[in-house]
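*Asks:* Take the given structure of chain A and dock chain B to it, following the hints.
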Amino acid sequence: MLKARDVTVRFGGVVAVGGMSIDVHAGEIVGLIGPNGAGKTTFINAVSGTYVPTQGTISWRDEDIVGHSPSRLARIGVGRTFQNVASLNDLTVLDVVKVGRSVHGHSRGLREFLCGSRADDEALTERLLEPLGLADHRHSPLQMLSYGHRKAVDIARALASEPDLLLLDEPVAGVAPAEAFALAGFVKQVRDLLGCAVVMVEHKMDVVMSTCDRVVVMAEGCKIFDGSGEAAQSDAEVRRVYLGD
Amino acid sequence: MSLRQIIILITVALAVMVVLPGLGRYGAYIVYVVAIASIGALALNLLIGYCGQISFCHGGLLGVGAYAAGNIGNAGQDMVVALVGAGIVTAFVSVMIGLPALRLRGLYFAISTLAAQFILEYLFRLIEPWTHGVSGLLIQPAPFFGLDLSNDRGYAAIAVGLLVMSLIAVSRLLRTDLGRRFILIRDSEIVARGMGVNVARTKLWAFAISGFLAGMSGGLLAFTSRIAAPEAFEIALSVDYVAMIIVGGLGSLPGAVIGAGFVVLLPEVAQRIGETFGAATQTAALREMVFGLLIILFLIHEPRGLNSLASRAVRRLRRTSGPLSNNKRSSASDLEMTQARL
Numbered sequence: 058m059l060k061a062r063d064v065t066v067r068f069g070g071v072v073a074v075g076g077m078s079i080d081v082h083a084g085e086i087v088g089l090i091g092p093n094g095a096g097k098t099t100f101i102n103a104v105s106g107t108y109v110p111t112q113g114t115i116s117w118r119d120e121d122i123v124g125h126s127p128s129r130l131a132r133i134g135v136g137r138t139f140q141n142v143a144s145l146n147d148l149t150v151l152d153v154v155k156v157g158r159s160v161h162g163h164s165r166g167l168r169e170f171l172c173g174s175r176a177d178d179e180a181l182t183e184r185l186l187e188p189l190g191l192a193d194h195r196h197s198p199l200q201m202l203s204y205g206h207r208k209a210v211d212i213a214r215a216l217a218s219e220p221d222l223l224l225l226d227e228p229v230a231g232v233a234p235a236e237a238f239a240l241a242g243f244v245k246q247v248r249d250l251l252g253c254a255v256v257m258v259e260h261k262m263d264v265v266m267s268t269c270d271r272v273v274v275m276a277e278g279c280k281i282f283d284g285s286g287e288a289a290q291s292d293a294e295v296r297r298v299y300l301g302d
Numbered sequence: 133m134s135l136r137q138i139i140i141l142i143t144v145a146l147a148v149m150v151v152l153p154g155l156g157r158y159g160a161y162i163v164y165v166v167a168i169a170s171i172g173a174l175a176l177n178l179l180i181g182y183c184g185q186i187s188f189c190h191g192g193l194l195g196v197g198a199y200a201a202g203n204i205g206n207a208g209q210d211m212v213v214a215l216v217g218a219g220i221v222t223a224f225v226s227v228m229i230g231l232p233a234l235r236l237r238g239l240y241f242a243i244s245t246l247a248a249q250f251i252l253e254y255l256f257r258l259i260e261p262w263t264h265g266v267s268g269l270l271i272q273p274a275p276f277f278g279l280d281l282s283n284d285r286g287y288a289a290i291a292v293g294l295l296v297m298s299l300i301a302v303s304r305l306l307r308t309d310l311g312r313r314f315i316l317i318r319d320s321e322i323v324a325r326g327m328g329v330n331v332a333r334t335k336l337w338a339f340a341i342s343g344f345l346a347g348m349s350g351g352l353l354a355f356t357s358r359i360a361a362p363e364a365f366e367i368a369l370s371v372d373y374v375a376m377i378i379v380g381g382l383g384s385l386p387g388a389v390i391g392a393g394f395v396v397l398l399p400e401v402a403q404r405i406g407e408t409f410g411a412a413t414q415t416a417a418l419r420e421m422v423f424g425l426l427i428i429l430f431l432i433h434e435p436r437g438l439n440s441l442a443s444r445a446v447r448r449l450r451r452t453s454g455p456l457s458n459n460k461r462s463s464a465s466d467l468e469m470t471q472a473r474l
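From first to last, the protein sequence lines are chains A and B. Under the numbering used here, the first residue of the first sequence is numbered 58, with each subsequent residue one higher. Under the numbering used here, the first residue of the second sequence is numbered 133, with each subsequent residue one higher.
Just chain B, same shape as in the assembly:
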């Protein structure tokens, strides 16, 4: 991410913060729900979209983060401590889940994460001292850096701030040796190994960093919903997150945010439409079907997701409106590149 993009990102974040007080409670709620999901989707996109390790236990990992943050917060710690603690705990669990990836590849590893998801769900019900079993763990509001921000607008500010920090951090990470190794392993593990990359260690780093972000996202989820219960972190949530990064764009940072917004807001929109026509229950039932259909359509027609669709539209607009003489060459090569990628 260039300096310009960072500035744009921070400006957008500040704009959101400024608008927040005028949004009302529902508006603020939408902002933080999307921002929290975006952090989670970013974590998963780092693992799947950049390092090529398909995972179906992201929902479970968010749960680990939620329980960890809840317990630390309930022990009277600051929310910042709770979130960082949740990140560290989840990173550790994520690395454990990633260990089979040292032996298994592709779909075989994906199956092992599916197993991990079910084990986590089981543990959430089993370890009652920490999770309070099926009834769920109630979470007390915690101060943020000593400030009382435990209201919808406060949560929105924290979530947006954290999202911006995560986006900048991940984009910079991708421009380090470690980030380049992630991409190399995704493109070809055999080539990476041949070039002398320590594939095992690199993969575990991907799991650790992705787990850290997932833990923070899960922790925020816990504080905002004030409860962590096992049924919130089931396989359906994992599938939702995979849907987010496929719809948004595998291996794209804006894609994680776009996909999260899409997947989170679609049910809200569906409900509104349903309410208008007095058929809320029917549209709610349609949700899963629409997601399934969307994933299939995107995989077939736009594997790089909404983000690629958007950037191509922008490019086309620029080409038709901009001065032809000095734009011609660059857009022609851009087009070639897009075609080559497809």
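So that you can see chain A by itself, here it is in the shape it has in the complex:
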């Protein structure tokens, strides 16, 4: 499904990602881990169209997606969440989730204009907001929510477009442990339901171990390990990168 080969992202003289290759298959949750500055987020940004890689190829379902804008990617089923969540003034939780849904292509603009969207609101609430514990906050402006809730909104927003590939950039960073496991559990549920592929950048190892089918470890812009979570923990190179010699 997702095939990245030799992806390199340079900022001037700094090589943020240097020759990263990865394959992600449908229905798989891949944890992308590594120390700070390893290039995880940069790699996600390159896949999701925020950066254009200096070198290398990225294809999604055999289509070359290098240089595609985020809106074009959204239409072919690539969605993502952000490490830092936006603080928007006026849009409510439901509004943001609806924007997320609309980027997938089919616009319901005219129907909404004529008929309103009450029934639609209820369906979205039940499907996405209830499981994430956001149902009571659906009419709150985003900036009134706690950090954890905003993170959950970002995930709901990305899921609303029913992506086939979901890129999660530190979905549970800074979220209380109980909430973190609930979020991760929901990601797993969605994967089971939609059969989408998930790439998850995360530092919380217990969440990664319990959620991901496979772990890819990055260090200094390169992939140094690709395999199961247990194997990653005992791998000599991974231990060296994390713990030092």
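Watch out, some of these pointers could steer you wrong.
Unchecked claim - One side of the interface only, derived from the structure: several residues of chain B facing chain A at Cβ under 7 Å:
#1 T308
#2 I315
#3 S320
#4 V323
Hint data in this document are derived by calculation from the structure and do not stem from the laboratory. C-beta atoms are modelled at their ideal positions from N, C-alpha and C, and glycine is treated no differently.
*Replies:* Frame of chain A, contents of chain B only:
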């Protein structure tokens, strides 16, 4: 806008229509001047207040609408055809003016609209076959749906009707995917782009819709004043419209109407006061200064304009008079929200 608000709006409009015959010519004149300005302010508020694209060429766009409607009307068409035609022509021009917004942001784009304003003013003088240059285009009264409504009361009825339709349409628009994208782009273009919103296309829609409304407003202006002349659509008019939405409230629909009423009526009131004291010329000269001062004061003390001021006053009244037990919680959270917004 909820159904209740729509009903209130229509009731108010009907009430205005009923009162109209008793108002006299001056009263009707005030009603349509404010209503037409409100449609124009609504158009600008959609662009600036909801989509975040600062524009200083709104006066020029109203001019495009006025000339377009005038030419279509003079060709013997119905006023409805002329107004819709003016809307379409102006929407097209507005999209052209909006094209730099795909590259420029914030103040840089605002400067480009300033350039557009001057180009439009130049074109109004230049394209004589359509505009009759400096002398201005005389506009024949046109029938409205075949009816002869070319008097002050008729214009007032048309303008109020059109204003109500525009308010309902814009408020519904803001509750569609497109409207939500406008607000998202205003709050953060980078976030919008990251979420997969096609920012360029969304902005151009904002320019098109805002331009359509501006064109209709300009067209009405042309029919009611019976002339479209370049000096009526200069930069000062653009500044007036920016003043309207700042005083009324950026990103607020009632704010557009309140602001338009304020900015249009202030000179009238000033003139009355001036006449009473026999100093009409002095008070007229004060007008620009008062506007400048008001904009600065509102930006500092009440960025959300008169509308926010009014709704807070209503809330305070309700809190002090209403039964404390069941109102307490909701008004406390309202207050929190207001504070957070400020």
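*Asks:* It remains to establish, for every hint, whether it holds in the given structure.
*Replies:* Hint by hint, here is what the structure shows:
1. Taken as an interface hint, T308 (chain B) checks out: its beta carbon lies about 4 Å from the nearest beta carbon of chain A, inside 7 Å.
2. Taking 7 Å as the C-beta cut-off, the interface hint given for I315 (chain B) holds, the closest approach to chain A being about 6 Å.
3. Hint on S320 (chain B) holds. Least Cβ distance to chain A is approximately 6 Å, under the 7 Å limit.
4. With a least beta-carbon distance of about 4 Å to chain A, the hint placing V323 (chain B) at the interface is held under the 7 Å criterion.
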